[in-house]
Structure formats: C-alpha cells, structure tokens
Amino acid sequence: MQASIRPSGRPDVRYLLRLGDTCLILAQRLSEWCGHAPVLEEDIALANMALDLIGQARGVLSRAAALDGQGFDEDGLAFLRDEHDYLNPTIVELPNGVDGRERPGDFAFTVVRNALVSTWMKAWWERLRASRDAELAAIAGKAAKEVRYHQQHAADWVVRLGDGTTGSRDRCVAALRRLWPYTAELFEDDAVDEAARAAGLGPVASELQAPWRADVDAILREATLEAPAPSAFRSGGRAGRHSEHMGYVLAEMQVLQRAYPGGAW
Amino acid sequence: MVTASDRVERAWGVLAGVPDPEVPVVSVRDLGIVRDVEDDGGGLRVVLTPTYSGCPATEFIAQAVAAALEGAGLGPARIEMRRSPAWTTDWISAAGREKLRAHGIAPPGPAPGPAPLRFVANRREDVVPCPRCGSRQTERISAFGSTACKALLRCRACGEPFEHFKPL
Chain A
1 MQASIRPSGR PDVRYLLRLG DTCLILAQRL SEWCGHAPVL EEDIALANMA LDLIGQARGV
61 LSRAAALDGQ GFDEDGLAFL RDEHDYLNPT IVELPNGVDG RERPGDFAFT VVRNALVSTW
121 MKAWWERLRA SRDAELAAIA GKAAKEVRYH QQHAADWVVR LGDGTTGSRD RCVAALRRLW
181 PYTAELFEDD AVDEAARAAG LGPVASELQA PWRADVDAIL REATLEAPAP SAFRSGGRAG
241 RHSEHMGYVL AEMQVLQRAY PGGAW
Chain B
1 MVTASDRVER AWGVLAGVPD PEVPVVSVRD LGIVRDVEDD GGGLRVVLTP TYSGCPATEF
61 IAQAVAAALE GAGLGPARIE MRRSPAWTTD WISAAGREKL RAHGIAPPGP APGPAPLRFV
121 ANRREDVVPC PRCGSRQTER ISAFGSTACK ALLRCRACGE PFEHFKPL
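Those protein sequence lines, which keep their order, are chains A and B. Take the first sequence: its letter number 179 is residue 179 in this note's numbering, and every next letter is one higher. Take the second sequence: its letter number 62 is residue 62 in this note's numbering, and every next letter is one higher.
Think of the hints as simulated: they come from the structure by calculation, not from any bench. There could be a bad hint or two in this list.
[Claimed, not checked] Stretches of chain B that chain A covers, calculated by requiring three or more beta carbons in the stretch to come under 8 Å of a beta carbon on chain A:
#, segment
1, 51–57
2, 138–146
[Claimed, not checked] Distance ranges between label pairs, derived from CB positions:
#, chain 1, residue 1, chain 2, residue 2, range
3, B, Ala4, A, Pro38, 56 to 62 Å
4, B, Glu160, A, Pro230, 36 to 42 Å
5, A, Asp190, B, Asp90, 38 to 44 Å
6, A, Arg241, B, Asp90, 42 to 48 Å
7, A, Ala130, B, His103, 24 to 30 Å
Ideal Cβ positions, reconstructed from N, Cα and C, are used throughout, including at glycine.
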C-alpha cells in the first residue's frame, strides 16, 4: 500500500489545491454518470465536461506541486493525499443520488449542482486570467472558455427541468434546497484568500459572490425557481473538513494508485 | 550543407503530414496547434498549444510530431507545450476548414468572445450550413459529439446527420 503524501501548508499551495481539487472531485462525480445518464447525448456531454475538468485539475495540481517544492507531481497530489488535505468545497463531493444516496444518480441534482458550481468557477477563472502567476493565468485562459459552455449546458437544463413538468420541477426544487446551504462556504474569506490577493495570485472568495449571484438569479428566474433562504449551516471542505461522503469518493478514486504504486496505462 | 532555415522549412512540410489523431482528415499544422518551429543548433524546438485542457490526445500528438521529424532525418526534436495564448478554432487554416467540410464536418465560425449568459428562448444560435448539401436548414441534436470539440447536428433538407467543429 502506497503511503500518503502531505503538501506543505503554504497559502499559495492551499489556494491552488482549493481550485484544483474542485475540478478533480467534480470530475470524479461527473464521471460516475458514464454509461448511466438518462440519454446517450447527456452521457457524452457529462463525460466530456469531466474530461475538461480533469485537464484543468492536472494543470493546477502540477503548478501546486511545483510551488510546494517537495518533488510531488499532479498524480501524487491527486491520488496520494489523505482526506483532510483535499481542499475542495463540500458541494462538489456530495453524491449524485437523491437525498445523499450514492446511486442511482439524480440528473436534476447533477445539473443544478453544475449550474451553481460552474457559475462560481466562471467568475473565478475569469479573474485568474490576470493572475501574477503566469502559469496559472495561462491555465485560466483556456479554462475560462471551457467553463462557459459547462455553465451554458447546466443552465439550459435547469431552465428546461425547472420550467418543465411537475415531476422535473420538484426534483429541481429538492436539489436546490439540498445544495444551497453548501454555497455559503464558497464566499467566505480566510487567511489563504488574503495571502492570494496580497500576492496577486487570485481573488478572495467574497469577490466572487456578486457575479455568481447575478448569474444564478438569472438562471433561476428563467427556470421559474426561487433561491432558498440562507441558513446557518456551514460546510468546511475548503478548510479540509469534509462530509462523510468524501472518504468514499477518495477510496474509489485512489484504490489503484494505492494498491499498485506508480501504476500507469 | 543543410542550413537551419532549410531544416525549419522542411520541418513545417513534415508537420503538414502529421494527422490529428481525433480528426485525422486535418494535420496538426492545419489545426494551428504548432505555434513555432526553430533550429536551436542542437536540434529542432517545436512549440505546441493543446486544444482543450483535457484533450486526451495531447501526449500522443507530441510523440507523433517528434517521431515524424526524427523519421524525416530532422531530429532530435524537442517538444514544448505552451498554454498561453490559449488555442482557438480561429487558428484552423483555410485549407484545414476546407478539408473538414469535404470530410462532412462543418467547420467552426468565428470564436465567440466572453458573452453574458443567454437562455434558449432568447439565444440566437449561429446557422451552421450542412457540409453535404449546403442547406441552412439545420438543427443541433447534441452539444457534444464523438469528441469534445464537435457537436452533432442534422440537416432538415437532405436528412443527413453531421458533425460541427464548435467555435472556441
């Protein structure tokens, strides 16, 4: 069994892990749809978007590994960390199924999450194009284009389902209720954010809230849905405090590299 | 005596014959992913820009480019990946677009810039003419096709489905 690695606590590394892990874990969740989506076109769409996200994660984790300076690479960071060293927000690790079940996947839950997360990522990537870190800015230049069609795809589905039948609408409402409390952590600044802003690496979390909310409100309006009321609940994925689901995601994602260290295609 | 500029010119010629692994009707040169070729004395330095972040063919293309140049006696070839500026379909050559069309893949229109979110009800999709019969009466079946870079459309005039290389 391959031992775990631990990245340093450098704030710039932690900032990049938040970004890269968001792409990585959402990609893992979207990949679970491969062969299971309601129609073939959506199966292909979700798998293609997962592929974009893995490519983005690869670029960002490579950069994190370089800044970390302990000789790790993107594969090591993706497959050999322990749960509390993953810094994705909790929203992306929630299972695809209804009410927190792993399977079968709920397509409405997936497209509502994709709409909320890709809208947030769009605001983030657009600002990262101006990062003082040239490598991150270059990754963002490409990712900013890709996230636009991820958001468009998700928004189109939320509108179609939200403004659809009673059944599809109920699924959207339930998904929105379940996901909404997990969006609060996306916009809460901490020392990692402040250090990133000070160094010109990227924006603080709170800066993304207004552009996110404007787009999300536009989507919900078109879908004839309403944003749930704010709640006191706070998830802690960006600080490494994950839900009970994260361990299962990692177990499935890591098993091959842990059992066959350095295994390659 | 082969001069450095000869070698670079011959290299561009070789690259025109290296097919893209996912859309083999066009070469890597037609696609515009070869950004620079130079002879730095010790060999050729080739700069490639990947098409999509997650393009699974990126490593394969780098190997194929190096192998083709070395096979043509122009090696050693060092491949460098450059992310910035990001690849855009605007870099696909006119010849490349014609090859796509002749192969039944509608070539991309101009790449869109950053635009506000638009919903189906008030979105004007660009008309994609059918690459077979030229009709403008076409409709999108799926936003993604056999590869991430293509969408699937159908022509209402001739009834044929076809792929569209999406502008990016």
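The hints, checked one at a time:
1. 51–57: holds (count 5)
2. 138–146: Check passed, 5 qualifying residues.
3. B:Ala4 x A:Pro38: 56 to 62 Å: 57 Å Cβ-Cβ, so the 56 to 62 Å window holds.
4. B:Glu160 x A:Pro230: 36 to 42 Å: Violated, at about 52 Å.
5. A:Asp190 x B:Asp90: 38 to 44 Å: holds (40 Å)
6. A:Arg241 x B:Asp90: 42 to 48 Å: Holds: the Cβ-Cβ distance is about 45 Å, inside 42 to 48 Å.
7. A:Ala130 x B:His103: 24 to 30 Å: This hint is violated: roughly 39 Å between Cβ atoms.
Hints 4 and 7 from the list above are not met by this structure, while the remaining hints are.
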